[in-house]
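For the sequence shown, this note's numbering assigns the number 61 to the initial residue and increments by one for each residue that follows.
Worth double-checking, as some hints may not be accurate.
[Said to hold, decoys possible] The calculated EDC-like cross-link candidates involving lysine to aspartate or glutamate, where the alpha carbons are at most 16 Å apart (straight line), are:
| no. | residue 1 | residue 2 |
| --- | --- | --- |
| 1 | Lys176 | Glu118 |
| 2 | Lys176 | Asp244 |
| 3 | Lys133 | Glu162 |
Honestly, the hints are just simulated from the structure, not real lab data.
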Amino acid sequence: MVHSVAVIKNTRERIMAAALDLFAERGVLGTPVTSIEAAAGLSPGSGSFYRHFKDRQELLAAVVEREITRVAKLPVDPSTTDGTRASELAAQLCNDLAFLGELRRLIAILFWERGKAPDVAERVRSLMVERGVELGIAELLLTDPIDVVRADPSAASTVMMCAMVGYFLSMEYFGTPPAEVDPDRFTRTLARLLVRG
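Please model the complete structure; the sequences and the hints are all you need to start from.
In structure tokens, the structure reads:
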């Protein structure tokens, strides 16, 4: 859950909350320290920022770690299914789309910072891979996968994760589901491509 900067009492936390929004909107280089101070309810140009962070890169690292910790704690929504393996996988994939939604601002920061903050990219990639590929492999192997998946579950899970990320980014970029295929229909179809029944 995202909190309004105005209700956060801890100054360091207010700075991080403001920076998360500003970095996602403008990138690190496009966000002056004075803008961060103002958005955090501090006097712009007062130097208050520097009592908590040495520079914007240190702030970026702290923001990323805080967000990764937050999303890692999010519970998985126990969805109801019709009991088939494909519907169970589809429910998991819907949860994964919701998880990507929680990473929205970190993903936006990655777009701004691509090539400039490889450590940030690695942390977010690792979180997505740990959550996506490792859970995807486990989920696929617990179901009744098609022969191609059984032959190379790691590659199949990577294909599944890339399909999910591509779908999510397409919705984010264009503001509408690709080809008017809603998330439920997309995840059901992807699941049926990967598992029997």
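Verification of the hints:
1. Lys176 to Glu118: Since the Cα atoms of Lys176 and Glu118 sit roughly 13 Å apart, the hinted pair holds (cutoff 16 Å).
2. Lys176 to Asp244: Roughly 36 Å separates the two Cα atoms, so the pair is violated.
3. Lys133 to Glu162: 11 Å, holds
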